[in-house]
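**Q** For reference, the chains in residue letters:
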Amino acid sequence: AQSVTQLDSQVPVFEEAPVELRCNYSSSVSVYLFWYVQYPNQGLQLLLKYLSGSTLVESINGFEAEFNKSQTSFHLRKPSVHISDTAEYFCAVSAVGSGSRLTFGEGTQLTVNP
Amino acid sequence: DAMVIQNPRYQVTQFGKPVTLSCSQTLNHNVMYWYQQKSSQAPKLLFHYYDKDFNNEADTPDNFQSRRPNTSFCFLDIRSPGLGDAAMYLCATSRDRGAYEQYFGPGTRLTVT
Chain D
257 AQSVTQLDSQ VPVFEEAPVE LRCNYSSSVS VYLFWYVQYP NQGLQLLLKY
307 LSGSTLVESI NGFEAEFNKS QTSFHLRKPS VHISDTAEYF CAVSAVGSGS
357 RLTFGEGTQL TVNP
Chain B
333 DAMVIQNPRY QVTQFGKPVT LSCSQTLNHN VMYWYQQKSS QAPKLLFHYY
383 DKDFNNEADT PDNFQSRRPN TSFCFLDIRS PGLGDAAMYL CATSRDRGAY
433 EQYFGPGTRL TVT
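Going line by line, the protein sequences match chains D and B. In short: position in the first sequence from 1, add 256, done, that's the numbering used here. In short: position in the second sequence from 1, add 332, done, that's the numbering used here.
The following block holds chain D by itself, in its conformation from the complex (with noise of 0.2 Å):
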């Protein structure tokens, strides 16, 4: 079984400032890494994801994570973030094999004051 751990529940953050989210995870087996984000009374939208290659995967809004095998983490960045990315953001992990089952971390709401 996997299990996914976001470390915080809320992140403020100010206008144009950088923000990290962050991800860990648990599994046996190899694993897929996903982010997705939820605004509010919204379904969840892909922001990015992890399957194979390069390390660092890059989002079309500016945001990036990095897979890190050795310490299980997939870490959410963005080095300058808008009003407009204030949502809930969550972590999910999908093993190799499972038939795209996700499995999702608690969340983390990330809140962008002017």
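The hints are simulated quantities; they were obtained by calculation from the structure and are not laboratory data. Please note that a few of the clues may not be correct.
Restricting the straight-line Cα-Cα distance to at most 16 Å, the calculated cross-link-like pairs of lysine to aspartate or glutamate (EDC-like) are [as the list claims (entries may be wrong)]:
1. B:Lys370 x D:Glu344
2. D:Lys305 x B:Glu433
3. B:Lys349 x B:Asp417
4. B:Lys376 x D:Glu362
5. B:Lys384 x B:Asp428
6. B:Lys370 x D:Glu362
With chain D's structure known, arrange chain B on it following the hints.
**A** Using the frame of chain D, we list chain B on its own:
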């Protein structure tokens, strides 16, 4: 636009009164999922269909059932809702099993009175 649609967005039902939530997709994806998300918690997978093959999670209560009459539609039936079943129910699809992105609908928020 191709998408995952959930109806209704908000549903109120009475304790013990059966309720059905609906999900449809225009993506022609093979896999459809139902998640339960309680306030300030992670989405929890209830079950999924791979084509017509139903896969129930081990800890999903018997009170929850699902139907997939065709590729496009999937229903979540709650036979006797309890107060603890109040939650956001999310439907998702993926093209196939494996390393494929899941596309989520906007969710149905269920209130049990």
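**Q** If any of the earlier hints don't hold here, list their numbers in rising order.
**A** none
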